[in-house]
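Colleague: For the record, the sequence lines run as chains A and B.
For the first sequence, position 130 matches number 129 in numbering that gives the first Met the number 0, and the numbering has no gaps at all.
For the second sequence, position 67 matches number 66 in numbering that gives the first Met the number 0, and the numbering has no gaps at all.
Derived by calculation from the structure, the hints in this document are not laboratory data.
Misleading hints may appear alongside valid ones.
Said to hold, decoys possible - Here are the simulated DSSO-like cross-link-like pairs (lysine-lysine), alpha carbons at most 27 Å apart as the crow flies:
(1) A:K40 with B:K153
(2) B:K153 with A:K119
(3) B:K210 with A:K14
(4) A:K14 with B:K212
(5) A:K37 with B:K210
Stated by the list, open to error - Not everything, but these chain B residues come out facing chain A in the computed CB check (under 8 Å):
(6) M164
(7) A165
(8) Q168
(9) S172
(10) P173
(11) W214
Ideal Cβ placement from N, Cα and C applies to all residues, glycine included.
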Amino acid sequence: MPQIFPRGANFVPLKIILVLAVLGMAAPAAMWYYWTPKYTKVGYQPAQPVPFSHKIHAGQLGLDCRYCHSFAENAAHSNIPTAQVCMNCHSQVQKDNPKLAPLREAWATGKPVEWVQIHKTPDHAYFNHSVHINRGVSCVSCHGRVDQMDVVSQEQSLSMDWCLTCHRAPETALRPLDKVTDLGWHAKPQGKESIEQAQLNLGQKLKDQRGINPPVSNCAGCHR
Amino acid sequence: MADIAHTSKGDECEVVLHCPPELKKIPLVNHDRSFAWITENVASICEEKTRRYWWIAFLLFTPIALLVPTLLSYQVANGVGVWGENQPFGWAWDITNFVFWIGIGHAGTLISAILFLTRQKWRTSINRAAEAMTLFAVMCAALYPGFHVGRFWKAWYLFPIPNHMALWQNYRSPLLWDVFAVSTYFTVSVLFWYVGLIPDLATLRDRAKSKIKQWGYGLAALGWRGGNRHWQHYEMAYLILAGLSTPLVLSVHSIVSFDFATSVIPGWHTTIFPPYFVAGAIFGGFAMVLTLMLPARLFYPQLDDMITRNHVDKMAKIILLTGSIVGYAYLMELFVALVYAGNFYEYNAFYNRATGWYNWHYITMMTCNVIIPQLFWSKRIRHNYIWVFVICQFVNAGMWFERFVIIGTTLAQDFLPSSWGHYTPSWVEVFTFIGTFGMFISLFLLFMRFLPMITIFEVKAVKPEADPHHEPDHSHGEKAAHPKEAAAH
C-alpha cells in the first residue's frame, strides 16, 4: 500500500501537543489581561482636569474626608465636591493660581468640573457608603492611604471576591467610629500581641457590640 | 443429539433421561457471509455515490434542524421569557426535553459497555450506530440546561472555574452533580465511540480512492496499521472505556432523577426515582435505536444479514423487560402514594396526576409505556418489523409524556391551591423541540453517510470461523481467532 502521508507527518502529533500547550498558557493570560472587568483595575490613575493633591489637603492640612465628601456618612452615594466647596477656601487661597482655572470657570459658569471617576462598582452591585462608615469601616479599607497620594489611584480590586473577603471576616476592618476617617490609625497592641492580632481582638469586640452581620451567602444583600 | 439412556449401576432403578435435540445457535450473521463480504457491504455505504433518498431525507430534516440555532438565537436575543415557563412552572418543556433526550442516550451506552463486558456478541452489529445515537441525543439534551439558564453566556457558572467573584458551585445541589454526570457521560461516550472507530477508519482509508478521502480517513485513523501492538493497546483501551462507561449507564440517569427526588415537592420526593429513571431511559433508548435502525435497514438491504431478525427480537425483549419495570414503578408509586404512605400531599399529587388537569398526559403515558409494549410478548409481533417500528413510536411518545407528567403535573398542583397554575408551551418551545429532532436525524444521516455504520472488525469476530476451536462442524477451516486477523481479510 502506498504511503498517504509524507514522512514529516510523524511529527504532527508532537507539534499539535506543543501548539496546544502554548495556547493553553496563552488563553488564560489573554483572558486575564483583556477580560478582567474594568472596575477591578488596581493602579488606575487617570489625569484629572485640576491636579488636585489629596496629599496636601488630607495629609498636610489635615482636612477631614467628610469636609468635601460630605454625603459619605449620610447616603449610599459618596459625592465629589462641587466647585462651591472648593471655593470656600480658594476664593481666598491661591486665587490666581493658573492650575485652578477650570475651577474658577466652573464657579463662574455653573458647569461642574469634569472629574474622572476612579472607583467604580458594577450597576448590579449595590454599595452603600453610609452603612459602612457608620458601622466603623474606615475609608482606608477600600480607598487606601489617599492622604499620601498626590494623584489618587485605585488601590483595591473592588471585585466581588474582594468584597466577600471582608464580608466574611468584618473583624479585620472594624474600628472605633471616631477613627473612621483617620487613615493612619491602627489598633493599639496590648502587651506582646501584634497589630494584626490587636485589630482582630478589637474588631471582634466591635462586631459583637454592634451586631454586625454583613451579607455573605445572601445574594440579594448586594444584588438587589 | 438423540435421547440418552443413562443407567446407574449402584441403584436398583434405572434412570432414563430424555434430552431434546440440541438447539442450533441462531447465527449472528445470516447467509454465512464471508469476511470480505462484510467489509465490502459496510464500507460501500460510505463509498458509493450518495443515494437519492439520502438527499431527500437530508434536505427534509436539515431545515428542521436549522430551527434550533434560529430559535435559540431568538431566545438569547429576547430573554428566556419567550419560552412558556413561569411560576409555578419554573420547569416545563425545557427540562422535559432534556430528560427525554438524555434518557435516549442510555441504550447506546448499555449496548456498548454492559453488553460488551457481559460478552453479549449480538451487540457487535448495532453498537456503533447506537453509540452515535447516544452522542447526538446528548448534544440535543445539553442544549436545554445551557439555554434554560437564560443568559447563555453565563453558562460557564455551571462549572467550578475560579473567578473574581468568588462564585463557587453548591456541591449539595443535584443540579451541579447533573453537570458533572452529563459532561462525563458525553466525554466518555465520545472517546468510546471514537476508539472503537479507529480500526474501521483505517479500513476505509485503505480502500479510499480519492486523495481527500485518504487524507480524511487517514487523519482520523491516527496511523492505525493493525499490528499486534496496535491491537493489544486497542483492546486494553476499549476494555477500560467499557469499564468506565458501565457505571455511567446507571449513574447518569440516577443523578438526573436526583434533580427531582432530592427536592421536597410531593410527586418528586420519592426514593423509587433512580432505578425507575434508569429503566425508563434504557426502555426509551432501545425504542429510539430501533426507530433509527429499522429504516436504515430498509435503505441499505445488505444490512439485513448483519442486523437480523434475531437482533430486533432481542431489542424488543429488552423493551418488554424495561417497560415492565417502568410499569411496576408506576404502579408502586401509586400504591405508595394512595394506599401506603398516608401523606395527604403525596396522595393529592398522585390523585391529581391521574385525574387532574393533565390527566390525558397520564393516560397517554400509561398506555404507551405499560400497555402497548406488552404486545412484545408475542413472537409474531417481535418478528414483524412494521409492528416493532410502530410500537417503538408509542414508546418514544410515552417516554416524553412520562417526563412531562413527572415535571408538569407535579408543579401544576403542589401544596397550596392558591399557587396552582396552568401551563401552555410557547411556539418557540414547540418548534425548538421539533428542531432537535431534525438535528438528531440530520446528524445521524451524516453519520450513516461518512462513517461505517456497523463495526466491521467486530462483526467478523463473532462469525464462527473467527473461533475455529468451537463447534468444529461450523468452522470453515479459515484460521482467524482474533479480530485482528479478521480485519486483515
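Colleague: The structure should be examined with respect to each hint, and the outcome stated for every one.
Modeller: Hint check:
{"no.": "1", "hint": "A:K40 with B:K153", "verdict": "holds (22 Å)"}
{"no.": "2", "hint": "B:K153 with A:K119", "verdict": "holds (22 Å)"}
{"no.": "3", "hint": "B:K210 with A:K14", "verdict": "holds (23 Å)"}
{"no.": "4", "hint": "A:K14 with B:K212", "verdict": "holds (23 Å)"}
{"no.": "5", "hint": "A:K37 with B:K210", "verdict": "violated (51 Å)"}
{"no.": "6", "hint": "M164", "verdict": "holds (4 Å)"}
{"no.": "7", "hint": "A165", "verdict": "holds (4 Å)"}
{"no.": "8", "hint": "Q168", "verdict": "violated (13 Å)"}
{"no.": "9", "hint": "S172", "verdict": "violated (13 Å)"}
{"no.": "10", "hint": "P173", "verdict": "violated (19 Å)"}
{"no.": "11", "hint": "W214", "verdict": "holds (7 Å)"}
Checked against the numbered hints above, the structure violates hints 5, 8, 9 and 10; every other hint is satisfied.
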